[in-house]
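Use the sequences and the hints to build the structure in full.
Read top to bottom, the protein sequences are chains A and B.
Going by the working numbering, the first sequence opens with residue 23, and the numbers climb by one from there.
Going by the working numbering, the second sequence opens with residue 42, and the numbers climb by one from there.
Honestly, the hints are just simulated from the structure, not real lab data.
No residue lacks a Cβ here, since even glycine has one placed at the ideal position from N, Cα and C.
Treat each hint with caution, since some may be false.
Unchecked claim - If you anchor each label on the Cβ, the simulated ranges turn out as follows:
1. A:D48 x B:G53: 52 to 62 Å
2. A:M334 x B:L99: 55 to 65 Å
3. A:D48 x B:L99: 38 to 48 Å
4. A:M334 x B:D245: 33 to 43 Å
5. B:D151 x A:A212: 36 to 46 Å
6. B:D128 x A:L270: 20 to 30 Å
7. B:R121 x A:S49: 40 to 50 Å
8. B:Y52 x A:V267: 49 to 59 Å
9. A:A211 x B:E223: 24 to 34 Å
10. A:V267 x B:D133: 33 to 43 Å
11. A:G310 x B:P177: 52 to 62 Å
12. B:P56 x A:F219: 34 to 44 Å
13. A:P46 x B:G167: 26 to 36 Å
What the hints assert, rightly or not - In silico lysine to aspartate or glutamate, EDC-like type, Cα no more than 20 Å apart, as pairs:
14. B:K94 x A:E248
15. B:K226 x B:E260
16. A:K157 x A:E99
17. B:K94 x A:E90
18. A:K157 x A:E90
19. A:K109 x A:E99
Stated by the list, open to error - Negatives, chain B to chain A, calculated, CB over 10 Å:
20. F64
21. T109
22. L118
23. E152
24. R219
25. L249
26. Y259
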Amino acid sequence: MTVEDQAMEQAAPAEARGPAPIVPSDSIAGTALLAVIAIMTFLAALTLGAVVLVRASAAEWQSQIAREVTIQVRPAEGRDTEAEVRKAAGLALAAPGVTDVRPYTRAESARLLEPWLGTGLALEELPVPRLIVVKTGADAPDLAALRQQLAREVPGATLDDHRAWVGHMRAMARSAVAAGLGVLALVLAAAMLSVTFATRGAMSTNRPIVEVLHFVGAKHAFIAGEFQRHFLLLGLKGGAIGGGVAILLFFLAGALGRWLRGSAGESQATALFGSLALGPEGYAAIIGLIILVGAVTAGTSRLTVHRTLRAME
Amino acid sequence: MVRFENVGLRYGLGPEVLRDLTFRLEPHSFQFLTGPSGAGKSSLLRLLYLSLKPTRGLITLFGHDIVTLSPDAMATLRRRIGIVFQDFRLLDHLSTYDNVALPLRVLGRDEASYRAEVIELLHWVGLGEKIWSLPPVLSGGEKQRAAIARAVIARPQLLLADEPTGNVDPTLARRLLRLFLELNKSGTSVLIATHDIALMDLYDARRLVLHEGRLHVYE
Chain A
23 MTVEDQAMEQ
33 AAPAEARGPA
43 PIVPSDSIAG
53 TALLAVIAIM
63 TFLAALTLGA
73 VVLVRASAAE
83 WQSQIAREVT
93 IQVRPAEGRD
103 TEAEVRKAAG
113 LALAAPGVTD
123 VRPYTRAESA
133 RLLEPWLGTG
143 LALEELPVPR
153 LIVVKTGADA
163 PDLAALRQQL
173 AREVPGATLD
183 DHRAWVGHMR
193 AMARSAVAAG
203 LGVLALVLAA
213 AMLSVTFATR
223 GAMSTNRPIV
233 EVLHFVGAKH
243 AFIAGEFQRH
253 FLLLGLKGGA
263 IGGGVAILLF
273 FLAGALGRWL
283 RGSAGESQAT
293 ALFGSLALGP
303 EGYAAIIGLI
313 ILVGAVTAGT
323 SRLTVHRTLR
333 AME
Chain B
42 MVRFENVGLR
52 YGLGPEVLRD
62 LTFRLEPHSF
72 QFLTGPSGAG
82 KSSLLRLLYL
92 SLKPTRGLIT
102 LFGHDIVTLS
112 PDAMATLRRR
122 IGIVFQDFRL
132 LDHLSTYDNV
142 ALPLRVLGRD
152 EASYRAEVIE
162 LLHWVGLGEK
172 IWSLPPVLSG
182 GEKQRAAIAR
192 AVIARPQLLL
202 ADEPTGNVDP
212 TLARRLLRLF
222 LELNKSGTSV
232 LIATHDIALM
242 DLYDARRLVL
252 HEGRLHVYE
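Okay, structure coming up:
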């Protein structure tokens, strides 16, 4: 048997084994880093979910408010408030784009004031303004024209299109989203720092391997790739654990919401926690976050290896 | 192939450990590098395998001034040099096969393309029975041969060996020398750093003798 034959005979085990990893996975402080990445991804996923929920809720509130305007008729000495309410309601109903007009009755107005003034109120003795709720359709009416018409024809009537509230809500939603993204950025930055330290540690542990790779002619990109492979896997694993737990939590919260629907506890739960039912885009965002964490982990380790190698040269 | 012109080397602010080194290593040549301990043999080898840069003078390797090389260009040059370290520097978690195949993996070659080549070389250096053994279970001589196999697997143009017979008995030392001579015949330039006079007496070759940082060449 020639040496070549012997070589080919021995080739089968090599094929079965495949080349061993140059950087051994147990030389990287994996467990601690995995836990850190999992916890950070969990926190980031919760933040991301909250941002998605706030954005969705704010958009819903805005569209609800935007489809409603209120006419306020202030009573005044010598004027027939009831007649003015009827006239204002008539003008509003005649405006194009208005779908419904509902003047609040005196009793309804009293109920609105009950939390502040108590029951058994004699409203006739107080100059309580009367409210008319005007619903608008998809084509918004010309509110400026309606406002002018009311000012002209009903002296005590003013029109409130809730623009200030919509503005406040937009600002609040923007702030919540910005804060959420800020937290997300901080979590990612902390993850990058952890990975940087872990990579430096791994490179220090594996310095003899790095040196041998240098001497056999490995380029920086090759050495970085050997470390990056481990860290990408670690990042994806940690991200999947943290993100997976967050997805489970949102799913359970959504299921709890559905289970409580129609029950007495629903309004309290919603008041306490808001609606935690995350839509498909929320789940997609968390899955995207897991991929991002994997990519950031791999990218950070690659960058750190390159920097460390440059310093070693 | 290798040219040193008035090369000097010092570590930090210390005294010069190598002074005014001027010599050439020609293609297909064979030479010993010798000298007493502390004469600077290891430092000279480190300059040759691009682990150090000179503090003065000019070193050209395969026509390139090593001071001006980028890290990637240096890596490309190192692929043309095989190195056998005194302490072998085998990776303990890799089998003899994976250790020897390392330079080919670094070149980006697929395992199927080099498998037979690596196994054939391991048989040639007498490690056919130890292909899947890990370095910690190999004897000193076996490690030495594995290190030599790793150094030559990518067919380098220059082979540098630092005390390659330092850990082996005289019989194995002679076998290893024959191995280096075979490589030299196949076209590789060989530089063996040793202070083993008996080994040098076995083969009449050019001697580079380092003494107190200065080099004396005996053709």
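Now the hints, each set against the structure:
no. : hint                        : result
1   : A:D48 x B:G53: 52 to 62 Å   : violated (37 Å)
2   : A:M334 x B:L99: 55 to 65 Å  : violated (24 Å)
3   : A:D48 x B:L99: 38 to 48 Å   : holds (45 Å)
4   : A:M334 x B:D245: 33 to 43 Å : holds (41 Å)
5   : B:D151 x A:A212: 36 to 46 Å : holds (40 Å)
6   : B:D128 x A:L270: 20 to 30 Å : violated (52 Å)
7   : B:R121 x A:S49: 40 to 50 Å  : violated (30 Å)
8   : B:Y52 x A:V267: 49 to 59 Å  : holds (53 Å)
9   : A:A211 x B:E223: 24 to 34 Å : violated (57 Å)
10  : A:V267 x B:D133: 33 to 43 Å : holds (38 Å)
11  : A:G310 x B:P177: 52 to 62 Å : violated (45 Å)
12  : B:P56 x A:F219: 34 to 44 Å  : holds (38 Å)
13  : A:P46 x B:G167: 26 to 36 Å  : holds (28 Å)
14  : B:K94 x A:E248              : violated (27 Å)
15  : B:K226 x B:E260             : holds (19 Å)
16  : A:K157 x A:E99              : violated (30 Å)
17  : B:K94 x A:E90               : violated (78 Å)
18  : A:K157 x A:E90              : holds (5 Å)
19  : A:K109 x A:E99              : holds (18 Å)
20  : F64                         : holds (22 Å)
21  : T109                        : holds (13 Å)
22  : L118                        : violated (8 Å)
23  : E152                        : violated (5 Å)
24  : R219                        : holds (17 Å)
25  : L249                        : holds (21 Å)
26  : Y259                        : holds (29 Å)
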